[in-house]
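S.K.: Using the hints, position chains B and C against chain A.
Here are the chains, one letter per residue:
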Amino acid sequence: MADPGYLAFYIATGLLLGTFYGLATVGLSFTFGILKILNSGHGSFIMIGAYVSYWSFVILGLPPLVSALLAFLIGFMLGLGLYYGIVSRILGGPELISLVLMFAMGILLQEFAKFVWTPTIRGFTWDLGRVSLFGYAYPTTRIVGGVVSAVIALGLYIFLYRTKVGRAIRSVVESAEGATLCGVNVNRIYAISLAIALGLTIASGGLATLYVSGGIEPYMGDPYTTRAFAIAVLGGLTSPFGAFIAGLLFGVIENLSYVLLSLTNVANPFSMTRFIAFAMILVVLLVRPQGIMRR
Amino acid sequence: MDFKKYYPLIPMFIISVILLAVRLAAPELSQIVSLALFYVALGEAFNIFTGLTLYVCFGYVAFVALGMYGSGLALKYILATSNPPLVTTILFSFAVAGFFAFILALVVGSIGLRLRGAFFAIATVGLSEGLKNFIEGTGIWGGSSGLIIAGDLISSYGHETYVFVSTELADYLMFAVYVLSLLVMFLITKSRFGYGLTALKEDEDVANVMGVNTVRYKLMTFVISAALAGMIGATKMLKDLVIYPPQAFAISYTVEAIVITMLGGLGTVTGPVIGGLVYSILKYMLTVSFPGLQLLILAPVLIAVCVLFPYGIVGWVKRRFRGTLIDYLLV
Amino acid sequence: MSEELLKLQEISKSFGGIRALKNVSLTISIGERLAIIGPNGAGKTTLFNVINGVYKPDTGRVFFANVDVTDLPAFKRTRMGMARAFQIPRPFPTMSVLDNVMVSALFAGKFKSVGEARERADEVLELVGLANKKHELAVNLTSPEKKLLELARALAPKPKLLLLDEIVAGIPPAEVDRIMLLVRNVSEKENIAVVALVEHVMRVLKYVERVIFLHEGRVLMDDKPEKVLSSETVKNIYLGRIYD
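Chains as they are written, first to last, in full-length UniProt numbering: chain A, 1 to 295; chain B, 1 to 331; chain C, 1 to 244.
Check each hint, because a few of them may be wrong.
[As the list claims (entries may be wrong)] With a straight-line Cα cutoff of 30 Å, these simulated DSS-like cross-link-like pairs (lysine-lysine) come out:
hint: 1; chain 1: A; residue 1: Lys114; chain 2: B; residue 2: Lys283
hint: 2; chain 1: C; residue 1: Lys206; chain 2: B; residue 2: Lys190
hint: 3; chain 1: B; residue 1: Lys5; chain 2: C; residue 2: Lys206
hint: 4; chain 1: B; residue 1: Lys4; chain 2: C; residue 2: Lys110
hint: 5; chain 1: B; residue 1: Lys5; chain 2: C; residue 2: Lys112
hint: 6; chain 1: B; residue 1: Lys4; chain 2: C; residue 2: Lys133
hint: 7; chain 1: C; residue 1: Lys158; chain 2: B; residue 2: Lys190
[As the list claims (entries may be wrong)] Simulated coverage check for chain B against chain A, where a stretch passes if three residues somewhere in it have a Cβ under 8 Å from a Cβ of chain A:
hint: 8; region: 26 to 36
hint: 9; region: 46 to 56
hint: 10; region: 136 to 143
hint: 11; region: 180 to 187
hint: 12; region: 212 to 225
hint: 13; region: 299 to 309
These are computed hints drawn from the structure, not numbers from a lab.
For every residue, glycine included, the Cβ atom is placed at its ideal position computed from N, Cα and C.
Bound conformation, chain A alone:
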C-alpha cells in the first residue's frame, strides 16, 4: 500500500473507468438541462446498450467500439420515437408525471430485456492484450474505450459550440421562451436533444461491456442509475461537461474506496461501493447542491 506506483495504478484505472462513467452520465445531464426531465430510468438505457454490444459481437462479429456507433443510432431513433410518441404529451405538466413516466420506461425496458433475452447473465471476451506502464499492466480495450469516450465527449462539445443546431440547443437551455422568439423550433430541439441524450447513453452502455466484470443481464442498469445520479449531482446536474469531469472523479473515488474497503476487511467492498454512490448523493446535495464544478 505504501508503494506510490500501486496508488497510481488505482487512480489510473479509476480514470479509465471514469471516462465510461462520464459518458454514461452526459445524456442524463443533457436531458435534465434541456427538457427539464429527469430520466429516472436511466440505467435501463445503459443496459440496452450493453445488449446491443453483446449481440453485435456475437452475431455480427463487430467489436464494441464499432457497435457503439450502432448503439448510438438505435438510441437516437428510440429517443425520437419516445419524444414524439410520449414525452411531448406530458411536457409542461407536473414534474411528478415525467419522473414516474421515465421510471416506468426503465422498468419496461428491463422487463422487455428479461422477456426476450431471459435473465441469463451473458458475457463475451474482446481482448487486445495489455499495455504496460511503470510496471503495471492495463487492458488495451479499456485504454481504447477511455480514448473513445473522451473523443465522443469532445465531439459533443464541438457540436454544441460550433454548429447551428448546437447553438439552438444552448439557447433553449438558457430560455425556451426566448429561443422561440428568435425563431427556434423548440419542439424539434427537444426531440433532437432527447435523441442525442439517449443515443449517447445507449452508446455508453456498449462501452460498459469493456468495464463490467459482472456480465450483462436485464437488471445491470440499476446501479448505474444511482451512480449516474451521484455523478450528475457532483457535476452540477445540468452541465454535460461537468458530468463528464465528475465521472472521472467518481471513477477514482470508487476505485480507491474499493481498495480501502478491501484493506479494512470490515465489509464486503463490492456491495459497499454501491452504497457509497447513494451516500455521496446525499452528502453532495447537503453540502454543495450546485455541484462541485460551479463557483
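M.R.: Showing chains B and C alone in chain A's frame:
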C-alpha cells in the same frame, strides 16, 4: 360540531366492512382479501406523501423492508430475553417497525426535502439499493442470509399460536393498518395541515411566502407515510416469517405503490382504495395466467396512466360529476 | 410619536457581478403609508425580496418589530405580520378563490381553525369585492380580479406590514382609486403600514405620506411626496417618464 365533513367516511366504511365480512365469512378468499388490504394500505401510505406533495420517493420499498427488519429484530430480541404475552410482543414489534422506517425517513427527508421535486427524487433513487447493499455488505441483521423468526415464535408460543399468528392475526393486523392509513389520510385532508399541503402542491414558493413551513410539511408527510409503510412491513413479516434482502427490497413494491395511487387518483383519499382493489384483483388473476410477467404488464399501464389518465379513476369521476353528491362523497 | 416597525440597515445584495442594492438603509413606522419609486431595474423588487425573506442580503441587517429577522425564512416573517402581494399574481391555480384566501388566513394569520379562517376569508373577499367569485377556481379569474385576489390574500392574516408590488399596474384607472382607497381605509383602521412599489407614481400619490426614490440600487431621496417629485435629480432621472 360540523359532522357533514365526515360523511365521505361512509362509503369507505362500507367498503371496509364488506372486506372484513368476506374475510370472516369465506376463509377460502382470505388470500385475495389480505392481498387487497395490503395493496390498499400500501397505496394509501404512499399517497400520504406523494399524493399530498407531488414529491416521489423511488426507494419507497425501503420503508416496508425496514419495517420488516424492525419487527423481525424486535421479535427476536424480546423472545430471546423474556417471554411476554403475545399481544405485548406484537405491539412492541409494530412500534419498532414504524420507528425504524420513521428514523430512515427522518434522515433521508431532512436532507433530501430541502430540495425541490426532481432533486429529491434523485436523492431517493438509490435508497433501497443502497440500504440493501449496506445490509448485505456489512452483514448486519443476518446480512444476505436473511432473518427468520418462525423458530422463535414456535419455541415461545407453540405451534398452534404460530399458525394463528401468520394466517389469522396477520390479516387482522393488516386490516388495522389499512384502517389507520385511511383515517390518517382523511384527517390530514380535512385539517389546516391539509390546506397547507394543497397550497404547497400548487405553488411551493408562494405557499412559503404565505407562512407555510414547506420543508417541515413535506418532512411530516414523509415520516408519517414511512412509519405507516413500516407497519405494513411488520404485518408482512408476520405473514412471511422470513426476510431476505433481495425480496424485501424488490423494486416491484415501489412500482405497485405508484401504480395503485396514480390509477386510483393521486392525492384523493379513496383513490388508493379503488386503485388497490382493482390492482389486487388483477394481480391475483394475472399471477395465475401470466406468472412472472407482472412488471412487464404493469410498466406500460403506468406509462399509459401518466399520458392519458393522470388524475386517475377518482380524479376523473370527480371532474365528470363536479358539484354533485358523488363529487362530495368521493374525497 | 411614530414607532418603528421595519428597519433596514445598510443592505447590499449582488447577483453575480451586478449589485442590485447598495447600502440601503431605511425605517418604516407603524401604520405609515409610503411608495417606493424608481425606474425599471432600480432594485425595487429585490428590496421587497430582501424585506420578506425570499433573498438573504449579502451584508446588512433587517429588523421587523424590533426583531432581527435577517436569517429568518420567508414563512416565519410572514407569520410575524408581513404580507406581500406579488406583481405578477400567483394564485394557487386549481384551488377556489375562497381556499386561496383561507390558506393565507390559516398560515400567515392567527386563524388556527378551518372554520375561523373561512369566516375571515369571507370578510376579506367582501371587502375587496370578490365575494361573488369565491367558488370560482383562481385560474379562471380575469387579470384585474387576480390582482384583487392577491390583495385579499395579503390582507387576510391581518398583517402589520403590507408589501404591495405594482398592485395597480394593469388595473383600469377607475378601479385604481377604489383599490387604493380601500388600502388606505384598512391601513388607517387596523394601523397597517403599507409599502407600495410603483413605476407610475402619480396614480397612487394622494394615498401615501412619503416617497422613497430608488435609483441603481441606492436610496436617492426619502421625503414627502411633493418634495421628492419637485427635486431636480428625480426629475432628471425619472419624471419625464411619468407624464409619458
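S.K.: Check the structure against each numbered hint from earlier and tell me which ones fail, lowest number first.
M.R.: Numbers 2, 3, 8, 11 and 12 - these are the hints that the structure violates, sorted from lowest upward.
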